[in-house]
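Spelled out from the first residue to the last, the chains are:
2 protein chains.
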Amino acid sequence: MLSIEIQQTDGKARAGVLSTPHGQVDTPVFMPVGTAGSVKGVTPDQLAACGSQMILANTYHMMLRPGGQTVEELGGLHKMMGWDGPILTDSGGFQVFSLEHLREIDDEKVVFKSHVDGSLEELSPRRCMEIQRQLGADVIMQLDECPPGDADREHVERAVARSILWAGQCKEAWLDHGRSDQALFGIQQGGVFGDLRARSAEALVELDLPGYAVGGLSVGEGHDAMTAALDAIDSQLPAGKPRYLMGVGEPRDILAAVQRGIDMFDCVMPTRNARNAFAFTWSGRLRLRNAKWTKDPAPLDENCTCYACRNFSRGTIRHLFMAKEMLAATLLTIHNLHFFAEFMAAIRSSIVAGTLDDDARRWTSQIYPSTQNPGDQNPT
Amino acid sequence: MLSIEIQQTDGKARAGVLSTPHGQVDTPVFMPVGTAGSVKGVTPDQLAACGSQMILANTYHMMLRPGGQTVEELGGLHKMMGWDGPILTDSGGFQVFSLEHLREIDDEKVVFKSHVDGSLEELSPRRCMEIQRQLGADVIMQLDECPPGDADREHVERAVARSILWAGQCKEAWLDHGRSDQALFGIQQGGVFGDLRARSAEALVELDLPGYAVGGLSVGEGHDAMTAALDAIDSQLPAGKPRYLMGVGEPRDILAAVQRGIDMFDCVMPTRNARNAFAFTWSGRLRLRNAKWTKDPAPLDENCTCYACRNFSRGTIRHLFMAKEMLAATLLTIHNLHFFAEFMAAIRSSIVAGTLDDDARRWTSQIYPSTQNPGDQNPT
Chain F
34 MLSIEIQQTD
44 GKARAGVLST
54 PHGQVDTPVF
64 MPVGTAGSVK
74 GVTPDQLAAC
84 GSQMILANTY
94 HMMLRPGGQT
104 VEELGGLHKM
114 MGWDGPILTD
124 SGGFQVFSLE
134 HLREIDDEKV
144 VFKSHVDGSL
154 EELSPRRCME
164 IQRQLGADVI
174 MQLDECPPGD
184 ADREHVERAV
194 ARSILWAGQC
204 KEAWLDHGRS
214 DQALFGIQQG
224 GVFGDLRARS
234 AEALVELDLP
244 GYAVGGLSVG
254 EGHDAMTAAL
264 DAIDSQLPAG
274 KPRYLMGVGE
284 PRDILAAVQR
294 GIDMFDCVMP
304 TRNARNAFAF
314 TWSGRLRLRN
324 AKWTKDPAPL
334 DENCTCYACR
344 NFSRGTIRHL
354 FMAKEMLAAT
364 LLTIHNLHFF
374 AEFMAAIRSS
384 IVAGTLDDDA
394 RRWTSQIYPS
404 TQNPGDQNPT
Chain A
34 MLSIEIQQTD
44 GKARAGVLST
54 PHGQVDTPVF
64 MPVGTAGSVK
74 GVTPDQLAAC
84 GSQMILANTY
94 HMMLRPGGQT
104 VEELGGLHKM
114 MGWDGPILTD
124 SGGFQVFSLE
134 HLREIDDEKV
144 VFKSHVDGSL
154 EELSPRRCME
164 IQRQLGADVI
174 MQLDECPPGD
184 ADREHVERAV
194 ARSILWAGQC
204 KEAWLDHGRS
214 DQALFGIQQG
224 GVFGDLRARS
234 AEALVELDLP
244 GYAVGGLSVG
254 EGHDAMTAAL
264 DAIDSQLPAG
274 KPRYLMGVGE
284 PRDILAAVQR
294 GIDMFDCVMP
304 TRNARNAFAF
314 TWSGRLRLRN
324 AKWTKDPAPL
334 DENCTCYACR
344 NFSRGTIRHL
354 FMAKEMLAAT
364 LLTIHNLHFF
374 AEFMAAIRSS
384 IVAGTLDDDA
394 RRWTSQIYPS
404 TQNPGDQNPT
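As you go down the protein sequences, you meet chains F and A in turn. Taking the numbering used here, the leading residue of the first sequence gets 34, the next gets one more, and so forth. Taking the numbering used here, the leading residue of the second sequence gets 34, the next gets one more, and so forth.
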């Protein structure tokens with residue numbers, strides 16, 4: 034159903050191939066996010082042309098609209114999204130715990146108010162598995178509790194215990210009623226507390242799940258706290274299974290996480306930044322609303338081979354943003370997704386060549402130049 | 034610079050090939066509208082894949098933002114739009130005369146307030162030619178005065194006289210300072226008054242321009258008044274030059290106009306209706322927001338080969354509209370543009386086969402079924 038073959042390592046970094054019922058994926062892999070059944074701004078064929086190999090969809094959004102039952106009747110997520118490659122669905126937990134309208138939580142379930150129609154909805158480990166079965170992704174995630182980045186130890190400890198409990202219940206539901214072509218991943222919690230992360234990982238590994246995710250990072254703790262939390266991950270999780278860092282993201286964080294043994298990533302950053310007129314390049318970020326691009330006939334990045342760079346100038350793209358044309362967001366989305374795919378491919382080649390530490394240092398100084406115009410910094 | 038070869042006629046209907054500096058176009062042709070430098074919702078390669086052969090851009094919008102000078106410095110409209118096929122620019126007159134902020138008009142010029150920044154702008158025949166030279170389209174239009182559909186005879190008569198005057202001034206400016214790779218079209222006015230249309234055509238033909246447009250229709254006068262105004266067009270305009278009906282549009286109007294000798298059309302209908310969730314099909318229009326499509330796994334049109342129909346169901350597209358995903362508008366835009374291209378190709382084949390009158394009757398009864406659900410009628 035799902036396996037990872039590690040082909041080469043460089044320190045703790047791993048270059049591998051993830052095999053899924055919908056094809057193989059080169060790892061480390063970055064998964065663009067298709068929140069509500071679409072990676073915003075692009076068609077699936079544009080997505081594939083960007084080099085994207087695997088995508089993520091949000092259980093929370095799909096369960097509220099159009100609903101798991103409707104997705105199933107429409108042929109499942111792959112059919113709905115027009116995407117024949119691998120898909121991962123999250124558990125919905127992250128969105129629910131971030132909601133202002135969270136109503137009630139205990140060890141059985143979470144009750145929350147739908148942002149779509151205000152109805153009261155419930156998510157339990159069993160229900161979470163049922164909905165993800167209806168969605169039909171290749172990788173499904175356990176329901177977990179993800180505390181905010183500034184949560185105190187007591188809060189995080191409770192979330193770890195509850196997430197371990199729910200992992201077991203999810204596994205049971207998945208074995209009882211699940212599909213054999215879906216692989217369940219457990220999610221490590223523990224915030225920035227090393228002993229809690231260790232406890233979480235140990236319990237999950239005991240469940241012998243097909244893969245493991247690291248949750249509760251990239252929630253405001255900062256780059257250094259994140260990397261510190263990842264320092265032990267290579268020894269905490271089994272070498273023969275895929276490791277997924279949820280919600281990351283920033284190229285510098287991806288590099289640091291790969292160097293610590295992570296294989297999979299997802300983030301809305303390339304697509305959301307695109308809609309906000311920010312372009313990723315190997316020499317820093319460009320803010321396309323900046324008036325300095327008005328008459329610039331050069332492409333976003335001279336060396337980029339994406340559709341946007343082959344056909345459009347910075348000047349045109351700036352104009353399209355000022356005129357509020359949909360094409361502006363589409364072109365930057367294509368460019369940013371192409372950048373992320375190229376970035377991951379470069380990381381993989383670097384691991385194979387055994388030069389990741391040097392390359393990572395060089396790339397970081399290029400992508401985050403100290404001379405970066407503050408106006409070109411991205412808004413996150 | 035521009036020529037039309039009529040290959041076959043069926044009654045007054047003409048099947049031909051329009052040759053331009055950016056390639057050949059099968060006529061009758063429908064031109065999608067790229068208002069502000071982009072056909073909304075699609076990339077140029079998607080546009081070409083839809084079968085679109087020639088597009089239109091609005092001088093009014095481009096002159097205000099980013100400005101003719103900037104377009105020229107960015108390499109012209111073809112380069113900016115990423116479109117290597119033929120482009121036609123209108124004169125800006127239609128938009129200016131429709132503006133609430135029209136300030137002043139005399140035989141020299143129109144003064145109006147920009148909707149972008151409130152600045153006072155001026156459009157004269159000479160300025161109109163200058164801007165269209167900067168934009169660089171293959172076909173450029175004279176500045177004309179287009180009265181509303183309910184204008185009285187006196188108003189229309191004044192507009193005809195002014196448009197004739199401006200046609201001469203545009204021709205002069207174009208010959209003096211224009212580009213030899215741009216073809217200037219005159220625009221017939223006259224509203225629903227046959228004698229004024231005749232007077233307008235006669236004066237324009239005397240100017241011996243590369244092509245002629247019919248303006249001032251599809252502005253609220255209705256299908257019957259429009260077709261009546263077109264009845265004489267085949268005898269009024271020279272057979273050896275292209276004829277363009279501006280702002281049309283509705284498939285039934287296109288059929289009636291082709292049967293009266295028109296070669297070229299443009300309208301925002303397929304793209305705007307797409308963004309409003311309406312799909313054109315050979316058996317009537319579908320309103321994709323309708324709840325009845327929620328679980329419908331069928332494509333928009335069983336026989337359609339467009340990218341949207343090959344990959345997405347009505348149920349998915351409805352969901353994407355409800356979730357406000359950009360992909361919804363993109364998919365319907367692709368479908369509608371594909372429909373219009375296929376529709377024009379069918380008309381052309383029918384002319385060649387000599388069966389247009391019969392086919393037009395059959396298509397009209399299919400595309401406008403009397404059993405059409407009122408909720409599926411389009412909003413225009």
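Keep in mind that the hints are not guaranteed to be accurate.
Copies of the same chain look alike in the list, so a pair counts if it fits in one copy or across any two.
[What the hints assert, rightly or not] Straight-line Cα separation of at most 16 Å, EDC-like style, residue types lysine to aspartate or glutamate; simulated pairs:
no.	residue 1	residue 2
1	Lys112	Asp78
2	Lys357	Asp150
3	Lys328	Glu105
4	Lys325	Glu106
5	Lys328	Glu106
6	Lys112	Asp329
7	Lys328	Glu254
8	Lys357	Asp140
9	Lys274	Glu239
10	Lys142	Glu155
11	Lys328	Glu154
12	Lys325	Glu154
13	Lys45	Asp390
14	Lys146	Asp209
15	Lys204	Asp241
Bear in mind the hints are in silico, worked out from the structure with no lab data behind them. All of these numbers come straight from a predicted model, not from anything done at the bench.
Which constraints among the numbered hints does this structure fail? Numbers only, ascending. 7, 8, 11, 12, 14
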